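> Chain residues, written in single-letter form:
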Amino acid sequence: MEELGLLMQGFAVVMEPQNLLLMLVGIALGVLIGVLPGLGGANGIAILLPLTFAMPPVSAIIMLSCIYWGALFGGAITSILFNIPGEPWSVATTFDGYPMAQQGKAAEALTAAFTSSFVGAFVAIVMITFIAPVIAGFALRFGPPEFFAVMFLSFASFIGMSKGPALKTVCAMMLGFLLAAVGMDTVTGQLRMTFGSTEMIRGFDFLVAVIGLFGISEILCSIEDGLRFKGERAKIDAKVVLKVWATLPRHWWLALRSSLIGCWMGITPAGATPASFMSYGVARRMSKNGASFGKGRIEGVIAPETAAHAAGTSALLPMLTLGVPGSPTAAVLLGGLIMWGLQPGPMLFVEQKDFVWGLIASMYLGNVVGLIVVLVAVPWFAAILRVPFSIIAAIILVVCAIGAFTVSNAEFDITLMLLFGIIGYVLKKLDYPLAPLVLALVLGDRAEEAFRQSLLISQGSLGVFFSNWLVSGIMAMGFALLLWPAITWVLGRLPGRRIRGPATA
Amino acid sequence: MSAERGLRMSMVEAGTALAFALAGMAAIGDSLRLGTGWGDDGPKSGTFPFWIGLILVAASAGTLAQAVRARSGSGLFASWEQLRLVASVLVPTALYVAAIPFTGIYLASAALVAWFMHRLGGFGWARSAAAGLAVAVTCFLVFEIWFLVQLPKGPLETSLGY
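Residue numbers (my numbering), protein chains in the order written: chain C, -19 to 485; chain R, 31 to 192.
Here chain R stands alone, though its shape is the one from the complex:
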C-alpha cells in the first residue's frame, strides 16, 4: 500500500500481545508458588494475581487471534525514517538515564539539553552548551536551594562542596 518501508503493524501487534501473555503467565506462575486457595486467614497471597493473570492471558490470546484474523495490521507501525527519529531521542535519553548514577542529574541534564539542541536543533556548540548549563543551574537553584529537595549528585557537585 504505502511506498514507505518500515516496521509492520501486524508484527508489533503480535509481539505486544505475546508480551502481555508472558506477563500474565509470569503472574500465574508466581501465584501458584504462593498459593491461590483459601488459607488460614483468608485468601492466600496468590489468589488475586492468579485470576488477574488468567484474564490477561485470555485477553491477549483474543487480541492475538483478532490481529491475525482481521489482517488490519497490514499497514506500518512506523516507517524506518520515523523510527530513526524516535531513536535519535530515545538513545540519548537512555544514555542520560544510565549516566545519572555516575555523574549526578545536573551534569547529565546539561549534556542532554546541549546534545539535543546541537544535534536535533542545529544550534552551534557554544549556544547549546550555554543553554545546557543554564538549565542545570536553574534546576539546582529550584530544587536544592528553594524546595530543599536532594537530587542525585556526582563528583562535580561534591568537589563544589554540596
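One chain only, chain C, in its complex shape:
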C-alpha cells in the first residue's frame, strides 16, 4: 500500500491554498469552456497553456486538468438544457437528457448526469491510483523498440476501432505525422519539407493546430445552422438532488458497467466519445424495455455520462505512464509536460513523485469540487448560452487568435490557426476523424525518434521490432488491431456474396 502514502503526500500538495484556488478557477473555467460552442477541453487548455509557463508544474497541471474535469461536466449542461452537445462526448446524453428537460425534469436529468459523471471519474481515478504505478514500473524496462511498439499499438487501435472509414483515419493520421516532421530534423539538423519558407523552419506547433482544428472549425460548423439557442430552464435545489440521489443506488450495475466500458475505451485511445455511445447502446440493449430509451429515461443519461467521464479520466493513464496520450486533451496536457521541462513516460513516477501524486490527488478533489460547483451554479452557466451567438462567436474567435499567438509569440501562427480551422471544418464535414491527426502531430517526433533509435540498435534491421517476446507481443497486438477492419470486411463480404449470388443469376 505504498501508493496510499504517496497519495497522502499528493493531497498535502493539493491542499496548499494557492493550488486549491487554482483548482476552483480551473473547474469554473472548464465548465464555461464546456458550455461554450467552439471551446472544448482540448483547445481551451491549448489556449491557456502558455499562461502557465511561470507557474510551478504541479500548480499548472492541477489548474489545467481541472479545466478538463470542468469541461467534461459542462458538456452535459448544454446537452440536457439546449439539446446542443457542448462536447462531442455528450452527444449521447442529448438522446434522453433533452426529452427529460422538455418534460420538466431538467433538474433531475442534470443531477443524474453530474452525479454519474462523478461516479465514472471516481472509478477511473481509483484505477489510475493503483494501476498506474504498476504500468510505469513495468515500462521502466522499455527500450526504444518497445516504446515505438506501444505508439504503433495505439495508432493501430485508432484505425481498427474507428467508427468511420478506416482509410480516412489513416489519411488524417499520416497528415499529422507529416506536419510533425516539417522543420528542422533534430537528429541530422537538415530542414525537412520547408520548401524554402523561413516561417516553416519552426515547424507546426500542435497547440496552434488544436486551436484551429477544434475551435475555429466548430464556430464554422455551428454558424451553418444559423445558430439560435433555445433552451429549457433549470434550477437545481437540494430537494431534487436528494430525491435523485435516493434513486441512483438502484442503477449501480449500470453505473459500474458504464465505468468499465469508459475506462477501457479511455486507455486504448478510442476516447470518451465512442465510449459514451457504446455505453448508451449497451444500456439500451440490456434494458428490459429498451424501446422507451430516447424518450427521457434516466438510464439514458447515466450510461453515457458515466462512460464519458471514466474514459476522459482514464485517458490520462497511458499519458502519465507511457507518454502516449489517450485523447486529444490528454495530448495537450502531454504537450504541457514537455513545455514545463518534464520528460513524460515511466521515469515521471520515479523522478517527479510530487508532480504525479499531486496530479492524482487533484483528480479526486477536483471531481468533488466540480460536482459541487456544477450543482450549485447550473443556472448561471446556462444563462451564458442566452447571450446572442454573434457576440459569443466573435469573442471566441478573438480568444482563439490570442491563444494561437501566445504559443510562441508569432503572428504567423494566427494565420496557421485560421488555415487549420478551415481544414478542420472540411474534414469534420467529410467524417475524417481529427483526434488521430492531433495525436500524430504530438507524438510524431517521438515516434520517429524511437523508430530511428531502434534501427540504430539493430543496424537497420526491422527485425528489432520482433527481437523479444515483449516487443513482438505488442507489435502483434498492433497488427491484429490494424487489420481488424480488413478482417471484418472480408468476413462480412463472404456471406454477402452467397446471398447476392442467386439473385443476380
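One or more hints might be untrue.
Claimed, not checked - Not everything, but these chain R residues come out facing chain C in the computed CB check (under 10 Å): (1) W68; (2) I85; (3) G92; (4) F107; (5) A128; (6) F146; (7) H148; (8) G154; (9) A156; (10) A159; (11) G162; (12) P185; (13) E187; (14) T188; (15) S189; (16) G191.
Hints listed in this document are in silico derivations from the structure and should not be mistaken for laboratory results.
None of the values given here were measured: they were computed from a predicted structure.
The beta-carbon is built from N, C-alpha and C at its ideal position, and this holds for glycine as well.
Starting from the known structure of chain C, fit chain R onto it as the hints suggest.
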C-alpha cells in the same frame, strides 16, 4: 434528392482526397531529396517522411476510389445558403487575421466584435462599438497588465505609450 442547391459532397470528397495525395507526394519528393536510405549515422532524414508520404498517397487513393464507387456523395456538402453563412463568419475573420500585423490585436479585435454584433446580431452601431471596445480593454487588462503577456500592438497602442 434535396431541393436545396449547393456544393456537392462528391466534389468536396474527391478534392480533399486529391489534396491529401498531393501532400503525400510533396513529402515523398522532399524526402527523396534528403535521402531515404541508411546513412553513416543511421536512417537518413527522409526515411520516415518518405514512408508516411507513401502510406498517405495510398490511403487517399483508396478514399478517392471508395468515394467514386460508392456514390454516397450524391448529397450536399453544404447548401449555398449555408456556405453564405459560413462566409459571413470566415471572411471577416480572415480580414481580422490579416489586419493584426498592422493594427495590433486589440484594435482589430474591437472591430471584429463590433462587426459581428452589428451584421450578424442586428445590434445598433453604438452598442456594437461599445461592446467591441469593452472586449479589447478587458483583453488588454488581462494579458498586458495581469499576466504580463505581450500581444501584437499597433500604432494606436504605441501612441498611448505601450
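> Work down the list of hints and note, for each, if the structure agrees.
Now the hints, each set against the structure:
For W68 of chain R, the shortest C-beta to C-beta distance to chain C is roughly 5 Å, which falls under 10 Å, so the interface hint holds. Among the interface hints, the one on I85 of chain R holds; its C-beta lies about 5 Å from the nearest C-beta in chain C, closer than the 10 Å criterion. Hint status for G92 of chain R relative to chain C: holds, with the closest Cβ pair at about 5 Å, below 10 Å. The interface hint given for F107 of chain R is met, as the beta carbon of that residue sits about 6 Å from the closest beta carbon of chain C, less than 10 Å.
The criterion of a C-beta within 10 Å of any C-beta in chain C is met by A128 of chain R, whose closest approach is roughly 8 Å, and the hint holds. Given hint, F146 of chain R at the interface with chain C, holds; its Cβ is 4 Å from that chain's nearest Cβ, closer than 10 Å. For H148 of chain R, the interface hint holds, since its Cβ comes within 10 Å of a Cβ in chain C; the closest pair sits about 8 Å apart. For G154 of chain R, the interface hint is violated, since its Cβ never comes within 10 Å of a Cβ in chain C; the closest pair sits about 13 Å apart.
Hint status for A156 of chain R relative to chain C: violated, with the closest Cβ pair at about 15 Å, above 10 Å. With 10 Å as the threshold, the beta carbon of A159 of chain R stays out of range of chain C, its nearest partner Cβ sitting at about 13 Å, so the hint is violated. Annotation: interface hint on G162 of chain R holds; nearest CB of chain C at approximately 8 Å, less than 10 Å. Checking P185 of chain R against chain C: minimum C-beta separation of about 16 Å lies over 10 Å; hint violated.
The beta carbon of E187 of chain R is not positioned within 10 Å of any beta carbon in chain C (closest approach about 15 Å), and the interface hint is therefore violated. Look at T188 of chain R: its Cβ only gets to about 16 Å from chain C, farther than 10 Å, so that hint breaks. With its C-beta approaching chain C no nearer than about 20 Å, S189 of chain R sits outside the 10 Å limit, and its interface hint is violated. With a least beta-carbon distance of about 21 Å to chain C, the hint placing G191 of chain R at the interface is violated under the 10 Å criterion.
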